[in-house]
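Asks: Residue-level listing of the chains:
Protein chains: 2
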Amino acid sequence: MSCPFQPSIPVRLFFRSISIATALIATATAAALSATSPLSAQTTADIAKMRPAAERIVKAALADSAPYARLGRLVDGFGHRLSGSASLEKAIDWILSEMKKDGFANVRGEPVMVPHWVRGAESVTLLSPRETPLHMLGLGGSVGTPANGITADVMVVHSFDELTKRKAEVVGKIVLFNVPFPKDSTPFNGYSAAVIYRGIGATAAAKVGAVAMLLRTVATFSIQSPHTGAMRYDSTTKKIPAAALSIEDAEMLDRMSRRGDKVRVTLKMSAQTLPDAPSRNAIAELRGRELPDEVIVVGGHIDSWDVGQGAMDDGAGSVTAWEAVKLLKTLGLTPRRTLRVVLWTNEENGGRGGRAYRDTHTNELAKHFAAIETDNGIFAPLGFRFQGTPAGAKRAAMFAQLTALAGARTIAPGEGEADVESLIEAGVPGFALDVDPSRYFWYHHTTADMLNVVSETDMRHSVAAMAILLYALGEMQGTLR
Amino acid sequence: MSCPFQPSIPVRLFFRSISIATALIATATAAALSATSPLSAQTTADIAKMRPAAERIVKAALADSAPYARLGRLVDGFGHRLSGSASLEKAIDWILSEMKKDGFANVRGEPVMVPHWVRGAESVTLLSPRETPLHMLGLGGSVGTPANGITADVMVVHSFDELTKRKAEVVGKIVLFNVPFPKDSTPFNGYSAAVIYRGIGATAAAKVGAVAMLLRTVATFSIQSPHTGAMRYDSTTKKIPAAALSIEDAEMLDRMSRRGDKVRVTLKMSAQTLPDAPSRNAIAELRGRELPDEVIVVGGHIDSWDVGQGAMDDGAGSVTAWEAVKLLKTLGLTPRRTLRVVLWTNEENGGRGGRAYRDTHTNELAKHFAAIETDNGIFAPLGFRFQGTPAGAKRAAMFAQLTALAGARTIAPGEGEADVESLIEAGVPGFALDVDPSRYFWYHHTTADMLNVVSETDMRHSVAAMAILLYALGEMQGTLR
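Line by line, the protein sequences are chains A and B. Per the working numbering, the very first residue in the first sequence carries number 27; after that it's consecutive. Per the working numbering, the very first residue in the second sequence carries number 27; after that it's consecutive.
Bear in mind the hints are in silico, worked out from the structure with no lab data behind them. Among the hints, erroneous ones may be present.
Which copy is meant is left open, so a pair is good if it fits within one copy or across any two.
[To be verified] Distance condition first, Cα-Cα at most 20 Å in a straight line; then the derived EDC-like pairs of lysine to aspartate or glutamate:
1. K116 <-> D287
2. K393 <-> D319
3. K264 <-> E195
4. K199 <-> D179
5. K209 <-> E482
6. K233 <-> D187
7. K116 <-> E157
Bound conformation, chain A alone (with noise of 0.2 Å):
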């Protein structure tokens, strides 16, 4: 899923994207409340006639059984697909591969470099109070420790403030950030809260002398289970290695620490930053029928972290947009517009794919008619989330009229996913598919990231979904902008 913490982009410029997105979200529900504009009788036509479409479109994704079986043969096939892995290079093949076979037109491979971590052998032990291993995941982009790796006291603090205070005691120890998602909050809002430490909580500890940063594990619920995920560094601190411990150690040591236990581990990391890769944004097209030139882009990430299968991160996501292409075609329900699938490469330590593609596409962005990504996971979907003009918000909500045939009952305005986050900039009207956030973060960048998380119910409901948006989008009059 989006990821706030590109390599590129300076702490202060952190939360950009989202200050941006509350702004229009705040501007498009106020434009939401007002009087109805002239464009919805139009809307209002379009809606009508696209409605027996829209139910041959969830008749035939509901009985379909294509979908979920591609997304097992590409997640079982290939296993993780880290930027720079072999394996992510092998399931960008297999796809173009199949897109071909699918009979899309223009299919390629459009070329990014992308960064190549490596993670390696990596452990955490406890020494004292007493010996045992913990269970840990180093984060991404982190540096690894000397060869008998770091050994030194662990500080256990609660927020960044709480480090400041305590600076003093900093020097020469493991800090361990032990902060819970805030109470009460959504999952995705816990999210952003406590992220930030797995962000820059290496470089605030480094600030203060600390000689590696472990993470109390970024989720809403553990069985021994850390995530992964991108950390970045200053370039103006020193680089300390980061991982993240599962809840349950972090609270051990926690409860250790505050009775006065001497708590000490050896941390060992064998990651290393090689030099960039060469990977694909993978794109396949179904043309439009009489605007070609108009381009409509859906996708997911085909990248993933280097753990469990990246099923639900975002194999998913990518392929019910293909999928949902697919049944157009197959439908015989090719819209005006041309529907371009991109299945971006690098989102998760990088953003290199999503930024390519608009490189790439520059000159076309002006005739990019939206821009659809999907990256919370496939669960049972409950709308979409639209990012653009007051406007194009009021317009866009009228569709969910349609979508709610496949229960995704509301287009709202929020934010739209990492990798079109620079075509939204430019411009483009963007829209995420909104899924049960429930679970999500249960298995968000661990090794449990397996095709099982995925239903194959919840996965047809959101292949009709998103059919249903993209004919609606290929057809409709008038613009989103």
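Add chain B to chain A, keeping to what the hints say.
Replies: Using the frame of chain A, we list chain B on its own:
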């Protein structure tokens, strides 16, 4: 918790205790529906007299931070407590010293020789259709593999019947039993149905020529979290290594197999069984003020598997029993009968502690008024199960009016726990604390059986319920036999 797979019990006796329990339950239920017996008047009078004490107990227990703090010092301080391990014996030393500090009488460790199985390094690596490590835990009691492991094709089956039907295909293969809990079963009923594959799956597979046995982990839910647990061999069949795979990985191999992929793995296990080791049942008493020779045994098992901290299974049950007795002592509510805390050793992989207690105290069993073990984790208490005569069940049920003050609203016929099984068979009325079962099989026998699984609120309520029951049984007139 209760393990039906004691190495010395022949297969045909596997469900013996369950059958006995079922028979008793049926009889007792019938009795509970019959007319009021003359004993009820006495019990009603007992209850009225005890109510003020029960109210004091609840108030004190719900304000008492000591039990959870003690559980924390036990499980964080010593970690897992597998039979034969130094950590178990150190934990027992500490417990005996704490029991003495509590001022209990006759504090002692009663000798028990226990099995000494050690896990060692272990792994399963998928070789085909692609190479990736799988998530596994060897089963307790399993033999190891040769040093270079066992490499073989995997045959996935879903029942013993399927294994029998396809036995011609088995020779030289590793059998994977992918058997989930039956749909719509309660957690404990589902466990009873699924755990047979853990218990005798290796022997069943070996009989038809398998070289090793893998098992879909016996669990209701997994985050790549395999569960260990006892298995046993048949003396007439070759011993083959046995390990659990996470639900996710078992499902993946099954999908691969159904697609027609050749599924091939290397299993490496350096498990071995060493000579039996000395251990102890930890015992302490609050001597009865009028009938000190009448003994109410109450406890949990102090041993655990060698993963996690054994906090839920059964550190929490052990400390709840111990602290319930301590609470009565602190409140000056010493009952007429003696309360004997027994923390049994080696429940998990041998049941030696329970049998040793019976053998050591054979001459006293007629004077054992009741035997209570808690071994379903500590979650929100719901009530108690009673295993004994119909008359006893009826009288016991009335005390639910008192234990309900702590949330334990029923005392109903049901099966007692493993360590008191031999006492119950000898005629001692048995009780077990019933708690919310919904999450037990998420954590049971996993690395995630850590303190945070146990809520302090639930533990305070459980101590209160147990202390009320102990007080009531310790004070009551008559007998439960």
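Asks: Measure nothing new, just compare the shortest in-copy and cross-copy C-alpha distances for K116 and E157 to 20 Å and report within, between, both or neither.
Replies: between (41 Å within a copy, 14 Å between copies)
Asks: At most 20 Å between CA atoms: does that hold for K199 and D179 within a copy, between copies, both, or neither?
Replies: within (5 Å within a copy, 48 Å between copies)
Asks: At most 20 Å between CA atoms: does that hold for K264 and E195 within a copy, between copies, both, or neither?
Replies: within (18 Å within a copy, 59 Å between copies)
Asks: Give the relationship of K233 and D187 under a CA distance limit of 20 Å: within one copy only, between copies only, both, or neither.
Replies: The answer is within: 14 Å in one copy meets 20 Å, while 63 Å across copies does not.
Asks: Within a copy, between copies, both or neither: which one fits K116 and D287 at a CA-CA cutoff of 20 Å?
Replies: Between copies only: 18 Å across, 49 Å inside.
Asks: Could you figure out if K209 and E482 sit no more than 20 Å apart (CA to CA) within one copy, between two copies, both or neither?
Replies: Cα proximity of K209 and E482: across copies only (18 Å, versus 32 Å in one copy).
Asks: Give the relationship of K393 and D319 under a CA distance limit of 20 Å: within one copy only, between copies only, both, or neither.
Replies: For K393 and D319, only the intra-copy Cα distance (7 Å) is at most 20 Å; the inter-copy one is 91 Å.
Checked against the numbered hints given earlier, the structure satisfies every one of them.
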